[in-house]
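Residue numbers (the working numbering), protein chains in the order written: chain Z, 1 to 489; chain U, 1 to 187.
Relax, there's no trap hidden among the hints.
The calculated lysine to aspartate or glutamate pairs, modelled on EDC-like cross-linking and capped at a C-alpha distance of 16 Å, are:
hint	chain 1	residue 1	chain 2	residue 2
1	Z	K68	U	E150
2	U	K43	Z	D133
3	Z	K68	U	E179
If you are wondering where the hints come from, they were derived from the structure by calculation, not from laboratory data.
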Amino acid sequence: MNLNDAPIRKKLTWVIMLTSTVVLVVTAAAFITYEVFAFRQALVQNSQAIAQITAAQSSAAVSFEDEKGCQEILSKLQAEPTILLAALYAKDGKLLACYPASASVVSLPARLPAREYAIEHGTLNISVPVRQDNKTIGALYLEWDLSPAYRRLRWYTGMVIAVLIGSLGIALVISNWLQRRISGPILELAETAGKVSSSRDYSVRAKKYGDDELGHFTDSFNHMLGQIGRQDEALRKNEEQLRTLNTELEDRVTHRTAELAATNQELEAFAYSVSHDLRAPLRHIDGFAQILEEEIQKDPQAARRYLSRIRMSVQNMGRLVDDLLKLSRVGRVELKFETVRLNAIVDEVLADLKPEMANRAIEWRIAKLPSATVDSGLVKQVLTNLISNAIKYTRPRALSVIEIGTEPAEGGTAIFIRDNGVGFNMKYANKLFGVFQRLHRTEDFEGTGVGLATVQRIIRLHGGKIWADAELDKGATFHFTLKGIAAPV
Amino acid sequence: MAILNSTARCRFWGALLFALGVLISDAQGPPTEFEIKAVYLVKFVQFVDWPSSAFAAAESPLVIGVLGTDRFGRVLDDVANGEVINGHRVIVRRYRNVKEIEGTQVLFIATSEAAHLHSILAALKGQTILTVSDIEGFSYNGGIVRFLMENNKVHFCINVDAAKRANLQISSKLLQLAEIVHDDPGK
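With the sequences and hints as input, model every part of the structure.
Shown next, in the form of structure tokens:
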């Protein structure tokens, strides 16, 4: 297992356990080693002491080679049950006695070790000289059974190992408890960091457990999280702003492009219409002038008629040019905003249009209109156009009904002008506001075809919209909105 | 079982045999009764303590006296020769009369003196002398150590009362081997 990749909890446990194990094992080994040596030394000393005492006691018996006496002395060794074998020898090597008495006599001399003692095959063999007055008069040989001693050592070792295992068990429990005190906060910190990085939630805070290095670390971490959170929020806000700005910009570009395209198209149609519509009176003028040239001598009466025709065409053309000038001025003149009551403007318009209402039966239904912050001159132009149209296209009716009012519309209040005139086919509704676009013959209803185009331009300049709905022979309604219209009254 | 270093073992036994050979250099065949008794007599000395008053001086010899017909011959002299016990050289003297006895620590009373044993013991009364004899009933009659032969082996009886009277300290180790007797209460 790679220690570097191991969880910190395991690492800490390993460190504690390894240290404890080494300390305990070394201590135990030292104890056992010491015990083995000390025990062995004590055993040898004890055995030698017994051997020496026995040898001293048996000196007379050996001296007189008294086998019975020797036997008696050796028989006292039965008090020490670990003695397996004992033998007394006279000076000439003759066996005087052995213990136990039943031991094989023949084998005994061969057992006498040369050294003072020897530990071999589970027995401790000791030989001591029997002395009298500093003279060696014989020898004593003793053989001790070491198995009880070994048993004791084994038991001791087993006990030490049991204590060692028990201590390690306790160490494991303690280390488990201790390492949790250290690894717990670290793990929690790591978990918090992981949570933050995966969920991008910077409001999470790590719990602080103490005022140690980990505690300081936790504080720093939390502080850092706060900073990141604030920065992140600022960044996100900026991004949002940027996105809104972008969207707005895009919208504006789209809008502008559409506007530009519309203007372009309008301009093209306008150029075509202008040339076409201006061409018509010119052709009349040319035609009548030619006839006039030929006929002026023959029929002066007819010539006057032709002249009046020519004048009519010229006037017609003059009107056309005037209207065009008005239309183009709308685009060029700067708007002068002021707050006015729309009803006042309507009243002005009606006064101006008095001549056109001569010999007409018209029922006016004019509601209370709101005030508006607009260029009053231009708005008057709009109302003049729409109201005069209503008067014009209700001419075939015995009683004209013209209604002016307000209605709720998308983005505020719309003004509408409704009539019970000839109306128009909704099929051509899209052509209504084009320059020189006329839905009726000039013979039926006079007009240049520039009026509604001018109206639309003014409405657009005021940030409003104009639309119409109608039914053929049942009347038409024009609706428009202006950004400057105050809240509905 | 242990097979020990054979050369070391040989050396040990060789040393023992050499020492024995010096002791009984001219012994040939099985030892005779008096050869054994001579050895015993000298060995006895090692297990007995005399008060210092028993010696004239610290370096005085320890005298083994033989009273009566000497049946040891040269054997006793050979055994005693060179023996030093507690700083006292062991020498052998022979007496014909109890009156000659002086400065003697051990006295072997030969069987020839059996007839007037009582007078001898009476004469020795109060002296720190270890009396040894093979006269029958010796220890019962006030003697201290009596040798007796049994199955060609020497045994001995010790009269501890007599030893006490003689102011002698006999080693318990020796007493363990001996047949202990007391003064005959009937006499």
